[in-house]
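A.B. asks: One line per chain: the protein sequences are A and B, in this order. Residue numbering for the first sequence follows our numbering, beginning at 5 and increasing consecutively. Residue numbering for the second sequence follows our numbering, beginning at 113 and increasing consecutively.
Hints in this document: simulated from the structure, not taken from any laboratory. Please note that a few of the clues may not be correct.
[Claimed, not checked] Here are the computed lysine-lysine pairs in the DSBU-like style, where the Cα-Cα straight-line distance is at most 30 Å:
#, chain 1, residue 1, chain 2, residue 2
1, A, 307, B, 186
2, B, 214, A, 315
3, B, 214, A, 210
4, B, 186, A, 129
5, B, 220, A, 307
6, A, 269, A, 306
7, A, 210, B, 186
8, A, 210, A, 83
[To be verified] Restraint-style ranges between C-beta atoms, simulated for each label pair:
#, chain 1, residue 1, chain 2, residue 2, range
9, B, 165, A, 164, 39 to 45 Å
10, B, 186, A, 109, 52 to 58 Å
11, B, 132, A, 195, 48 to 54 Å
12, B, 239, A, 77, 29 to 35 Å
13, A, 250, B, 225, 43 to 49 Å
14, B, 142, A, 400, 50 to 56 Å
Note that the structure is predicted; figures quoted are calculated from it, not measured. Using N, Cα and C, we set each Cβ at its ideal position, and we do this for glycine too.
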Amino acid sequence: MNQNDINNLKGKTAVVGLAESGCGIASGWSAMEIMANSVHDALDDAGIKLNEVDGVFAATAFHSMAAMSLSEYLGLKPKFADGSQIGGSSFLSHILTAALALDAGLINVAVVAYGSNQKSIGGFKTISEAMPYEAQYEPRMPVTAYALAAKRYMHEFGASREDLANVAVSARDWALLNPRAYTHEKGPLSVEDVLSARPIVDPLGKLDCCLVTDGGAAVVMTRSDRAKDTKNTPIYLLGAAMEHHHRMVSEMPDLVRTSAIDSGKRAFEMSGYKPADMDTIQLYDAFTINTLLFLEDLGFCKKGEAIELVKNNNIGPDGTLRVNTNGGGLSCVHPGMYGLFVTLEAIRQLRNSSGDDVGKRLEGGWINNAKLSVAHGNGGVLSSQVTNIWGVSETF
Amino acid sequence: MPENLKGSVGPEQQFKNYLSQGKFMIQRSKSLNQFFFHPRVAFPGTGERDLEWVEASGNGIVHSTTCNRRLPEKGGDFNLSLITLEEGPRMMARVEGVEPDKLDIGQKVKARISDLNGEPAIIFDVLQG
């Protein structure tokens, strides 16, 4: 396949509707109900009727065959469905698959959906089986895996716990501007707050780890010709790519280099844009170490240089890089699989700057004139990496 | 490999059987003369099936390490590390003989077969010097 073939997907499809539901606490609601609410609200946002949906894409930690269960619940008979489960990045790969199916003419309207009520029913919920050759040692997955990567990163690049904490401080500052964020009312974090939080798996403490919340989300996708006729501003998929090279952290070839190096490179190539062109950067920050690794692996700086890049709140609201502008998994929402929320934020920023009403933010919470966003998803233990590049109509 | 697997065991069970016999065995492709872990039916990535089991030297180096915090009544804090074996592959294991949060990356360690929750397990001890 040559580069022209790869570029065939650029701008061919768009997200025309989105919604979230039950983020934070949704006790009394099931994961399916939260997911279905998200789908109906996203279709309302698009102005598309339920019976036009012929492609269903879903994953949760509550349904082993999520696309089938969701289709049944909605009362749909999809012509194409995909419930691929590659962890929290699943939805960004569903978006790639949906784009392929739409472009091939297999389907006309796709929904990509997720729902979780983990917080209401007792805490972090995983569908992951015990890993052979690891489970015996009783790692606290997934935290232990990310702690192993963080420790190695500190060793190789001289990073400190303070450097990790800077990521959590900036994420909270964004959350303070976002009324949707779970920690919106909780006030700012200091580096000292992060360092003194309860240790979980060294070097990661409680505030190096993402929130545990309920929540669901959905996006609606169509081909770009149809997208022009929908209710709100379509945001176009300009690039998408995925890669993974391990499932168990003990098999990770290099603890400080993720497959985002490859997924990012190919997604940016497809889009025709560079990292520096991105107006907003939405990264899957399940742990503070993620943001450092992904800023480097996606090409926003060289390996080891994210330590400097995140200093002085440079990825916060007053900084030079607009990273995780909703507050991230660290301070906005994390129902167990966060991928669809990086997608929502990437697209909401572009719709807001296009004049759509996608909610209120405090001053500085919306990025003026944003035209391009990168949404990066991570799954497993720094395992699956999927990168999507989104743009407004004038970007292609 | 014959289609009918009756009467034989897969590499995972074979590994555990060796452990029960007090042996830490890892696999090597004869043609590549390269080791790998974890045990598999063929060499990862290139698919060589000319595999043999070789007893590991047990020598390793700490590649990364964590202290997993746990309540004292549940057994207390414990170490969990990734160890690079002298033969090349990396594996997860616990390192003992040092406070769980006092282990350093680069530390030389030596494997022994111990018991963890009633199952044989590879545990590494810190080598002095």
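A.B. asks: Starting from residue 307 of chain A, check that the Cα of residue 186 of chain B is at most 30 Å away, please.
C.D. replies: violated, 39 Å
A.B. asks: Is it true that the CA of residue 214 of chain B sits at most 30 Å from the CA of residue 210 of chain A?
C.D. replies: Given that 30 Å is the threshold and the Cα spacing comes to 20 Å, the pair holds.
A.B. asks: Tell me if the straight-line CA distance from residue 214 of chain B to residue 315 of chain A falls inside 30 Å.
C.D. replies: holds, 28 Å
A.B. asks: Quick check on a hinted range of 43 to 49 Å for residue 250 of chain A and residue 225 of chain B, using CB atoms only.
C.D. replies: Given about 26 Å between the Cβ atoms, the range is violated.
A.B. asks: When you take the CB atoms of residue 239 of chain B and residue 77 of chain A, is the distance between them in 29 to 35 Å?
C.D. replies: violated, 58 Å
A.B. asks: Tell me if the straight-line CA distance from residue 210 of chain A to residue 83 of chain A falls inside 30 Å.
C.D. replies: Violated. Residue 210 of chain A to residue 83 of chain A sits at ~44 Å, over the 30 Å cutoff.
A.B. asks: Please verify whether residue 210 of chain A and residue 186 of chain B have alpha carbons no more than 30 Å apart.
C.D. replies: Within the cut-off at roughly 19 Å; holds.
A.B. asks: Assess, step by step, whether the Cα of residue 186 of chain B is no farther than 30 Å from the Cα of residue 129 of chain A, and give holds or violated.
C.D. replies: holds, 21 Å
A.B. asks: Mind checking the alpha carbons of residue 269 of chain A and residue 306 of chain A for me, to see if they're no more than 30 Å apart?
C.D. replies: Given pair residue 269 of chain A, residue 306 of chain A holds - Cα atoms ~14 Å apart, limit 30 Å.
A.B. asks: Within 48 to 54 Å: is that where the Cβ-Cβ distance between residue 132 of chain B and residue 195 of chain A falls?
C.D. replies: holds, 49 Å
A.B. asks: Regarding the pair residue 220 of chain B and residue 307 of chain A, is the alpha-carbon distance no greater than 30 Å?
C.D. replies: Measuring from Cα to Cα gives roughly 27 Å; hence the hint holds.
A.B. asks: Indicate whether the distance between the beta carbons of residue 165 of chain B and residue 164 of chain A respects the range 39 to 45 Å.
C.D. replies: This hint holds: roughly 43 Å between Cβ atoms.
The structure shown violates the earlier hints numbered 1, 8, 12, 13.
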